[in-house]
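Undergrad: Sequences and hints are given; from them, build the entire structure.
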Amino acid sequence: MLWKAARAQKLYLPRISVRLQSSSVPEFQELHPLLLKRAEKYAEELKTLEKWMAKGEGTFDVERQKKFSRLCAVVDSFHKYSREIELLKDLKEMIKDDPSLRDEAQQEIAEIRPQLEKTSSSLLGQLLPPHPFADRPCILEIRPGVGGIEAMIFAQDLLGMYVNYAHNKRWKYHIISQSANESGSGIVDAILSIDEPGSYDKLRFEAGVHRVQRIPATETKGRTHTSTAAVVVLPQMAEDNEKEAESYERTFKPDEIRIDVMRARGKGGQHVNTTDSAVRLTHYPSGIVINMQNERSQHKNKAKAFAILRARLAEIEQKEKEEKARAARKGQVSTTDRSDKVRTYNFPQNRITDHRCGFNLHDMEGIMAGERLDDVIDAMQVYDSDTRAKELLAEVQGTA
Amino acid sequence: MARIKPSVLKKAWQVNRLLPLLLPVCRTIEVAQQELRWIQEEISDKKRVRQCCLLRSRHYPLQYLLGTQPFGPLDVICQPGVLIPRWETEEWAVSLAGKLPRDRTFDVMDLCTGTGCIPLLLKYMRPKCSAFAIDCSPLAYKLAARNSDMLRVPLKVTQKDILKCSSEVVPRTVDLITCNPPYIPRSTFTRETTRSVKLFEPKLALLGNTEFYANLVDCWMSRTDAFVYEVGDLSQCQYVLERVTSDTKLSKNWRIGFKHDSNDQPRIVYGFRTSGSRLNWASILEEFGDMKH
Numbered sequence: 001m002l003w004k005a006a007r008a009q010k011l012y013l014p015r016i017s018v019r020l021q022s023s024s025v026p027e028f029q030e031l032h033p034l035l036l037k038r039a040e041k042y043a044e045e046l047k048t049l050e051k052w053m054a055k056g057e058g059t060f061d062v063e064r065q066k067k068f069s070r071l072c073a074v075v076d077s078f079h080k081y082s083r084e085i086e087l088l089k090d091l092k093e094m095i096k097d098d099p100s101l102r103d104e105a106q107q108e109i110a111e112i113r114p115q116l117e118k119t120s121s122s123l124l125g126q127l128l129p130p131h132p133f134a135d136r137p138c139i140l141e142i143r144p145g146v147g148g149i150e151a152m153i154f155a156q157d158l159l160g161m162y163v164n165y166a167h168n169k170r171w172k173y174h175i176i177s178q179s180a181n182e183s184g185s186g187i188v189d190a191i192l193s194i195d196e197p198g199s200y201d202k203l204r205f206e207a208g209v210h211r212v213q214r215i216p217a218t219e220t221k222g223r224t225h226t227s228t229a230a231v232v233v234l235p236q237m238a239e240d241n242e243k244e245a246e247s248y249e250r251t252f253k254p255d256e257i258r259i260d261v262m263r264a265r266g267k268g269g270q271h272v273n274t275t276d277s278a279v280r281l282t283h284y285p286s287g288i289v290i291n292m293q294n295e296r297s298q299h300k301n302k303a304k305a306f307a308i309l310r311a312r313l314a315e316i317e318q319k320e321k322e323e324k325a326r327a328a329r330k331g332q333v334s335t336t337d338r339s340d341k342v343r344t345y346n347f348p349q350n351r352i353t354d355h356r357c358g359f360n361l362h363d364m365e366g367i368m369a370g371e372r373l374d375d376v377i378d379a380m381q382v383y384d385s386d387t388r389a390k391e392l393l394a395e396v397q398g399t400a
Numbered sequence: 001m002a003r004i005k006p007s008v009l010k011k012a013w014q015v016n017r018l019l020p021l022l023l024p025v026c027r028t029i030e031v032a033q034q035e036l037r038w039i040q041e042e043i044s045d046k047k048r049v050r051q052c053c054l055l056r057s058r059h060y061p062l063q064y065l066l067g068t069q070p071f072g073p074l075d076v077i078c079q080p081g082v083l084i085p086r087w088e089t090e091e092w093a094v095s096l097a098g099k100l101p102r103d104r105t106f107d108v109m110d111l112c113t114g115t116g117c118i119p120l121l122l123k124y125m126r127p128k129c130s131a132f133a134i135d136c137s138p139l140a141y142k143l144a145a146r147n148s149d150m151l152r153v154p155l156k157v158t159q160k161d162i163l164k165c166s167s168e169v170v171p172r173t174v175d176l177i178t179c180n181p182p183y184i185p186r187s188t189f190t191r192e193t194t195r196s197v198k199l200f201e202p203k204l205a206l207l208g209n210t211e212f213y214a215n216l217v218d219c220w221m222s223r224t225d226a227f228v229y230e231v232g233d234l235s236q237c238q239y240v241l242e243r244v245t246s247d248t249k250l251s252k253n254w255r256i257g258f259k260h261d262s263n264d265q266p267r268i269v270y271g272f273r274t275s276g277s278r279l280n281w282a283s284i285l286e287e288f289g290d291m292k293h
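Protein chains in written order, with UniProt numbering: chain W, 1 to 400; chain L, 1 to 293.
Be a bit skeptical, because a hint or two may be false.
Straight-line Cα separation of at most 20 angstroms, DMTMM-like style, residue types lysine to aspartate or glutamate; simulated pairs [said to hold, decoys possible]:
| hint | chain 1 | residue 1 | chain 2 | residue 2 |
| --- | --- | --- | --- | --- |
| 1 | W | 267 | L | 75 |
| 2 | W | 92 | W | 103 |
| 3 | L | 11 | W | 182 |
| 4 | W | 267 | L | 264 |
| 5 | L | 128 | L | 107 |
| 6 | L | 5 | W | 182 |
| 7 | W | 253 | L | 261 |
| 8 | W | 253 | L | 290 |
| 9 | W | 66 | W | 135 |
| 10 | W | 253 | L | 286 |
| 11 | W | 253 | L | 287 |
| 12 | L | 10 | W | 90 |
| 13 | W | 243 | L | 75 |
| 14 | L | 198 | W | 276 |
| 15 | W | 267 | L | 233 |
| 16 | L | 99 | W | 244 |
| 17 | L | 203 | L | 233 |
| 18 | W | 67 | W | 45 |
| 19 | L | 160 | L | 107 |
| 20 | W | 89 | W | 111 |
Every beta carbon over 10 angstroms from chain W, so not counted as near; a handful from chain L, in silico [said to hold, decoys possible]:
| hint | residue |
| --- | --- |
| 21 | 63 |
| 22 | 164 |
| 23 | 276 |
Hints listed in this document are in silico derivations from the structure and should not be mistaken for laboratory results.
Beta carbons are placed, not taken as given, at the ideal position from N, Cα and C, and that holds for glycine.
TA: This is the structure:
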């Protein structure tokens with residue numbers, strides 16, 4: 001709850017901290033007037049849309065219905081918010097005008113405050129546009145970075161963490177591919193698919209370089225090492241079954257993709273009965289190369305490779321869109337998704353630090369067991385909506 | 001083939017005692033680890049896993065040990081005495097099945113069917129067609145019938161030697177004939193096949209040269225609208241092409257094409273009637289391979 005309050009402080013501009021005389025709780029700060037203006041605009045839009053629909057003109061349109069229901073939700077919480085803020089103002093008036101009612105009024109203010117905070121944060125959330133892939137399942141790719149075998153071990157630990165996380169949430173997951181290093185102590189790469197719709201929205205902040213500081217199992221002199229592992233989070237655009245892959249394959253021109261099977265020289269066919277089923281998929285326009293070899297079936301390997309290609313292309317497209325939008329705003333906003341070192345796992349200090357939002361957690365065991373990962377993710381989500389609210393404000397101010 | 005260095009064997013031994021057994025067939029530690037994982041996934045008993053690895057070290061095929069081989073979306077049962085489905089066959093069969101019409105009924109006949117993998121896949125992916133299969137080996141006949149039962153894909157299997165009595169086979173005419181005949185000439189058998197194939201797979205399904213392609217031109221082309229035959233060598237493609245072009249009647253009515261696999265080896269010779277067929281084979285097989293005639 002501590003950071004929630006901190007978030008409230010950040011968001012509710014202007015930053016004048018007026019204190020109630022008898023209470024140490026900081027004054028509730030209203031949403032920025034420009035944000036409210038935007039909400040009012042939505043209300044107007046809803047009215048015109050309602051009128052238009054009441055006339056019964058035009059045919060049923062799914063997109064319009066969706067827009068209508070979204071607007072309804074926004075305007076509903078906007079009305080709720082204005083009602084509650086009105087009530088708060090009245091109560092404050094009362095305190096000023098009639099000192100005899102002061103205690104009662106203050107008690108009532110204390111009662112409605114949590115509700116008001118909830119309403120205002122949900123209104124803020126609704127005013128911010130959702131991530132386009134927020135409702136998707138996701139694919140996590142984990143690879144060791146610098147640090148040799150220790151990095152491979154850490155990559156495996158990370159994989160375990162995400163598996164545990166999915167397990168705790170009772171989300172369906174499966175490992176698409178995993179290759180162990182030669183000694184079998186860590187992984188060279190792993191791809192984990194989390195099949196829960198909406199898991200992308202939660203886990204997309206995991207993308208980036210994760211740094212570990214600890215005394216590795218391979219260390220003989222007891223020195224602390226720093227190693228890294230990289231995590232890539234992709235939205236899952238379709239299931240990795242054969243049918244999907246087939247229809248997806250047909251969307252490419254023949255000269256855009258190339259499917260290689262890794263075969264030895266020789267005549268092939270009946271001459272050899274190899275079990276090698278590795279597939280390499282190359283997508284020329286983007287330069288993406290995907291190797292897949294875990295399944296005995298070449299067919300399944302191909303389907304998986306296509307599912308990953310699809311996810312990667314979708315992500316690239318989304319990044320480009322975001323970049324364009326940013327360039328249009330000309331804002332030098334620090335991005336949350338491209339920055340390199342995103343998190344440090346310091347084992348000797350039992351500490352996890354997220355470098356983007358500056359969040360600290362002292363429970364290594366809980367994190368690695370996936371139980372407290374949500375704390376970090378929630379902090380990141382708050383940080384993300386913060387920055388996005390700021391961007392939105394800047395945008396609204398620019399147009400106003 | 002380069003020998004495996006003792007240092008690699010030692011390294012493999014350090015990772016897992018069973019890995020050195022798999023190295024002669026797998027050549028590298030990564031591939032061996034992968035194969036060991038597949039064995040361990042299928043077989044839980046440790047003693048049995050060891051036995052499998054021992055057999056594997058003598059080049060016994062993994063597909064016979066595990067009992068199945070993935071073939072497109074199907075898992076086909078494999079047994080000693082019947083040829084293991086190859087990935088090349090899987091590749092063209094999946095591509096062919098994808099081109100066949102979904103909403104039409106037609107008859108497919110597979111000759112030298114072995115495990116029955118080709119007609120089973122075609123029937124599985126295009127349920128409206130009727131699939132027939134023929135093999136002369138009693139083992140293959142039984143296995144194809146068993147596969148059809150296990151996969152719940154209806155397939156009519158007959159045991160006949162097509163080289164001797166192809167005229168007795170029913171139905172009299174079909175729309176498509178597929179075949180993966182034995183195509184390794186005896187002269188190149190020892191030189192070009194791998195040890196595992198030489199030692200453990202049935203010669204009946206491997207040794208042959210042009211006899212099945214001659215049989216195709218002589219007996220089957222009059223009874224079908226299209227055919228797809230797997231080949232091991234370009235000379236076998238050319239044999240069919242020459243036989244068709246030299247016959248004035250056939251050369252007028254038939255078009256012939258070759259297809260390469262993704263390892264760039266000639267793999268398929270196929271052909272179809274230009275007129276008088278029930279399905280429009282020219283459009284179905286339009287991008288299947290390269291037309292030669």
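Undergrad: Each hint should be assessed against the structure and marked as holding or not.
TA: Hint-by-hint comparison with the structure:
no. : hint          : verdict
1   : W:267 / L:75  : 25 angstroms, violated
2   : W:92 / W:103  : 11 angstroms, holds
3   : L:11 / W:182  : 9 angstroms, holds
4   : W:267 / L:264 : 9 angstroms, holds
5   : L:128 / L:107 : 9 angstroms, holds
6   : L:5 / W:182   : 16 angstroms, holds
7   : W:253 / L:261 : 19 angstroms, holds
8   : W:253 / L:290 : 18 angstroms, holds
9   : W:66 / W:135  : 15 angstroms, holds
10  : W:253 / L:286 : 16 angstroms, holds
11  : W:253 / L:287 : 14 angstroms, holds
12  : L:10 / W:90   : 83 angstroms, violated
13  : W:243 / L:75  : 16 angstroms, holds
14  : L:198 / W:276 : 18 angstroms, holds
15  : W:267 / L:233 : 8 angstroms, holds
16  : L:99 / W:244  : 16 angstroms, holds
17  : L:203 / L:233 : 18 angstroms, holds
18  : W:67 / W:45   : 10 angstroms, holds
19  : L:160 / L:107 : 18 angstroms, holds
20  : W:89 / W:111  : 14 angstroms, holds
21  : 63            : 7 angstroms, violated
22  : 164           : 22 angstroms, holds
23  : 276           : 31 angstroms, holds
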